[in-house]
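When you get a sec, could you build the whole thing from the sequences and use the hints?
Be aware that the sequence shown starts at 48, since it is given in our numbering, and climbs by one per residue.
It is worth saying that the hints were derived from the structure and are not from the lab.
Since the structure is predicted, the reported quantities are computational estimates derived from the model, not experimental observations.
Warning: the hint list may mix true and false statements.
[Unchecked claim] No more than 25 angstroms apart at the CA atoms, straight line, and that leaves these computed lysine-lysine pairs for BS3-like:
id : residue 1 : residue 2
1  : K330      : K247
2  : K139      : K219
3  : K255      : K219
4  : K444      : K409
5  : K222      : K409
6  : K318      : K255
7  : K581      : K139
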Amino acid sequence: MRGAILFHIFLGILAWLCDSYVKADDPSRFLTFVVEYGEIAPLGVRQRGILINGQFPGPTISCVTNDNVIINVINNLDEPFLITWHGVKQRKGSWEDGVLGTNCPIPPNTNWTYKMQMKDQIGTYNYYPSTLMHRAAGGFGGLNILRRPLIPIPYPTPYGEFTLIINDWWNKDNKVLQQILDSGETFPHPDGLLINGLPKSTTFTGTKGQNYLIRVSNLCLVSSINFRIQGHTLILVEVEGSHTLQESYESLDIHPGQSAAFLLALNATVKDYVIIASSRFTKPLLNATATLRYEGSNTPASGLWPPAPPAYHWSMRQAREIRWNLTANAARPNPQGSYHYGTIPIVRTIVIANSPALINGKERYALNSVSYVNPSTPLKLADYFNIPGVFVLNATKDYPTGSPAVLGVSVFGFSLHDYVELVFQNNENTLQSYHLDGYDFWTVAFADGQWNTSMRKIYNMEDATTRNTVQVYPNAWTAILISMDNKGMWNLRSAIWPRRYLGQEAYMRVWNIERSLYTEYDIPDNAILCGKAKQ
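Structure (structure tokens):
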């Protein structure tokens, strides 16, 4: 027995040394984010915005695959605050995920340091506040992970790149919007759309004859967008870290929480052109514009804008056409198609249905009849310290029951490396969008109507893209496949923020009995403790 204990101690020390060695070889980037309120007027109405280092939107983080990124967040707001890193996988644990199920929030007038490694990732991501309705006031920005020099990209090296953050905006304070939701009133329609903090006049200047990479993130609270550029064709090259087949598009729908990158050739006449983001599937139609300016241009943009495409069925057909580039590398030298996801046996199927609910006389939203409420003790801390009474594993059913919705804490439990089929069933007349922290998943099918097992025959089991956020069309369903290979407590949430605030979320606990630094790091030394974990 003593020998076995010493052997496990040796393995633990060896894993720590190996991990430390790897980290020592990878560059570290140190950033400070000062989060505070400041006066802004994106649509001409003076109001409070959340600034990061005095900027709205916040600064774009640019790093390289496997970089260690250390961000000291100083919270100068009057409320607890967290930032989540949308699409960053947080390998070996969810300790830095930045949501209330995994982290205690940063108290006002204090700071906390995130320590993350951008492990085996390359692509277009973003960050934003995860607490309350702070995201409606700002505090968001781009996060771009560039390739290491030894990893080729499947398109010509761009001459430059532009990062576009698109969000919807309300001429109301974030606390007013929160009060509207808390009171059970209907959430108002946005007052406008913004591109990099402005409804128009943002200018991106490029050189004729060169190729540029255009990174676009939809950080809208409620709005799907259609993105297009006057007089130019967009070549889609990446969605959320996955290289795609390089199809040409006149425009592309990008839904809440999603990101895409395009290769843009500047081969037109030297002048200005309009960049357009239009809201989708809602009335009134909202537009935000920016300017693509050819270097040396003295001619403002003119002429008709390219029109927005038709609605849902056009959008669904387009979504099905986006395919994985099986021969391209991602963050590692092996081709994306070397992992044959369509041949792996499924060990568990979960069908999740969203629904509005009236609970205690107020509007809420639920998944499989449970409207999520954050406990005072983060789930990750309760799990790590074996604190009882915080959550019950698998209390939420794997299939919709049709029973009345109740307030609760939904945590689905999985064993490490389970291969899971997850179906989102949308029985409402509005589009849904879902994000899963810590993971990429294969988006294998979009279809109208009700899902059943016979629908598996239409799954794309060869070249579906991996994503971290997926849309579900009205009165339709979307199927994804997930390899549960990232140990931790991970948030599955509606990317439509008012619905998430009112309970449309759950957590996925991925676990195995072995405690090893190979699969999950220990709790950080600087972890904030709260709730029962502080007692």
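Outcome of the hint check:
Note on K330 and K247: the hinted pairing holds, with a Cα-Cα distance of about 20 angstroms set against a maximum of 25 angstroms. At most 25 angstroms may separate the alpha-carbon atoms for a hinted pair to count; K139 and K219 exceed this at roughly 40 angstroms. Of the pairs offered as hints, the one joining K255 and K219 is violated, with about 41 angstroms between alpha carbons and a cut-off of 25 angstroms exceeded. Distance check on the hinted pair: K444 and K409 sit about 24 angstroms apart at the alpha-carbon level, within 25 angstroms; holds.
Taking the CA atoms of K222 and K409, the gap is about 18 angstroms. The hint holds against a cut of 25 angstroms. A threshold of 25 angstroms between alpha carbons decides the hint, and for K318 with K255 the separation of about 10 angstroms falls inside it, so the pair holds. Taking the CA atoms of K581 and K139, the gap is about 24 angstroms. The hint holds against a cut of 25 angstroms.
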